[in-house]
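Student: Here is how the chains run, residue by residue.
2 protein chains.
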Amino acid sequence: MSANPILDAVKARRSIRRFTSEPVADGEVLAMLEAGRWAPSGQNNQPWRFLVVRADDPRQEVLAGLTKYGAIVRAARVLVCVFLDKERCYSPAKDQQGAGACLQNMLLAAHSLGLGAVWLGEIINQEPRVTTALGLDPSRLELAAVLAVGRPGQKGASTREALADLMLEPFGGDHAG
Amino acid sequence: MSANPILDAVKARRSIRRFTSEPVADGEVLAMLEAGRWAPSGQNNQPWRFLVVRADDPRQEVLAGLTKYGAIVRAARVLVCVFLDKERCYSPAKDQQGAGACLQNMLLAAHSLGLGAVWLGEIINQEPRVTTALGLDPSRLELAAVLAVGRPGQKGASTREALADLMLEPFGGDHAG
Numbered sequence: 044m045s046a047n048p049i050l051d052a053v054k055a056r057r058s059i060r061r062f063t064s065e066p067v068a069d070g071e072v073l074a075m076l077e078a079g080r081w082a083p084s085g086q087n088n089q090p091w092r093f094l095v096v097r098a099d100d101p102r103q104e105v106l107a108g109l110t111k112y113g114a115i116v117r118a119a120r121v122l123v124c125v126f127l128d129k130e131r132c133y134s135p136a137k138d139q140q141g142a143g144a145c146l147q148n149m150l151l152a153a154h155s156l157g158l159g160a161v162w163l164g165e166i167i168n169q170e171p172r173v174t175t176a177l178g179l180d181p182s183r184l185e186l187a188a189v190l191a192v193g194r195p196g197q198k199g200a201s202t203r204e205a206l207a208d209l210m211l212e213p214f215g216g217d218h219a220g
Numbered sequence: 044m045s046a047n048p049i050l051d052a053v054k055a056r057r058s059i060r061r062f063t064s065e066p067v068a069d070g071e072v073l074a075m076l077e078a079g080r081w082a083p084s085g086q087n088n089q090p091w092r093f094l095v096v097r098a099d100d101p102r103q104e105v106l107a108g109l110t111k112y113g114a115i116v117r118a119a120r121v122l123v124c125v126f127l128d129k130e131r132c133y134s135p136a137k138d139q140q141g142a143g144a145c146l147q148n149m150l151l152a153a154h155s156l157g158l159g160a161v162w163l164g165e166i167i168n169q170e171p172r173v174t175t176a177l178g179l180d181p182s183r184l185e186l187a188a189v190l191a192v193g194r195p196g197q198k199g200a201s202t203r204e205a206l207a208d209l210m211l212e213p214f215g216g217d218h219a220g
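Sequence lines, in order, name chains L and D. Residue 44 is where the first sequence starts when you use my numbering, and the numbers rise one by one after that. Residue 44 is where the second sequence starts when you use my numbering, and the numbers rise one by one after that.
Check before you lean on any hint, since a few could be wrong.
Just so you know, same-sequence chains aren't split out, so a pair can sit in one copy or run between any two.
Claimed, not checked - List time: in silico SDA-like cross-link candidates among lysine to any residue, alpha-carbon distance up to 20 Å:
no., residue 1, residue 2
1, Lys-54, Gly-70
2, Lys-129, Thr-175
3, Lys-54, Leu-156
4, Lys-198, Asp-99
No lab work stands behind these hints: they were computed from the structure.
If we strip away everything but chain L, and leave its shape as in the complex, we get:
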C-alpha cells in the first residue's frame, strides 16, 4: 500500500456479492449518489439518472427476476439503478463512458464507506424490459447498470492483467519529460 488513499482505494476495492443483514443508512446511499453526480461526462451532459430500490421495496423482486444474478439482487440491502436519459445523450460511446465513470465513482464511494458493492451489467441484456417493469418510460430512459450494495459478507478477490501486457508499446524509462 502507498500513502495515497486514492490509489489504495482503487486497488483495494473488490466486487462484493455477499452481504450481511446489517442496514445501509440513507446518508451512505446519498454519499454514493453524490459521488456519482460529480463524475465527468462528455460536454458535461450528465446523462445519468438514479433510482434507489431498498430491500423492503417490491421492485427488488422484480429486478431479481430479470437477471441470472437474482440471488445477489435479493441479498442486497440497496440497489442503485443507473439509467441514461436519452434526451441528454449525444454519443453512444461517450455517454456509456460517462455512465462508467459515474458507476466507478459510486463503487469507490461505497468502498470508502465500508460498504460492499457489485456492478451488475448482465441485467441490461433484458432491456427495455427492466425499465418497463420498473414503471419507467423506456423511450426516455435506458438502464446502464445496477449496483447491488450492502455490508460486506465476504472479502472479495480479483485479478488483473500485468500492466506490461496492456501497454501498446513499452513504457517506464527513467526520464521525466
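Model the placement of chain D on the given structure of chain L, informed by the hints.
Tutor: For chain D alone, kept in the frame of chain L given last:
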C-alpha cells in the same frame, strides 16, 4: 469537505486544460496507469489498452492535428491514449462503460498526485483516423479517449445538476433499511 479522502477527491477533481512547463515523472504516469488497470469491467474482460505519448514525441503533434482541442494536446506534458481492444470486447455498452471506469480511475489518480488532467472525447470523432495515424491497427484497436496531463496551470471550475434533479423518484427519508 468531509473526512473521507475518496469523497473529497471525487468532488474536488476538475478538468484541467492549462498546464505549466514542469515535468511529469514516469512514476506518476505509471501510478495513473496502475489505477486504470484496476478498474472493473464486464466479465473482468479488461478491454483497455494504453499508449503514452510525451511532449517530446512527434505523435503529440499528430494527435493535436486530429482534434479541435489541439492547443490542449500541445500544452500537455503527457497524453495517455486509451484504446479498446476489439478482440477483448463483448458488449458495446459494457465495454465503453468499462473504459469510462478506467478513465475515471486515472483522472482521480492524477488528481491525487497533484497533477491536472482533462478527458478529451472529441478526438474519437476522428476515428479510425487517429488510430491509423498513430501506426496502430484500427481493425484491432479503437480509441476510447485521450487524457491530457500535466502540472495544473489553472484551478478549474465546473458545476453539476442538483441531486434531486437526477433522482427518478424522491430519495432520502430518515429510515435505514
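Student: All hints, please: hold or fail.
Tutor: Evaluated hints:
Taking the shortest Cα distances, Lys-54 and Gly-70 sit within 20 Å of each other only across copies (16 Å), while inside one copy they are farther apart (25 Å). For a Cα distance limit of 20 Å, the shortest separation of Lys-129 from Thr-175 inside one copy, 15 Å, qualifies, whereas the shortest one across copies, 32 Å, does not. When the C-alpha separation of Lys-54 and Leu-156 is checked against a cutoff of 20 Å, the pair qualifies both within a copy, at 15 Å, and between copies, at 15 Å. For the identical chains of this complex, Lys-198 and Asp-99 are neighbours neither inside a copy (25 Å) nor across copies (44 Å), given an alpha-carbon limit of 20 Å.
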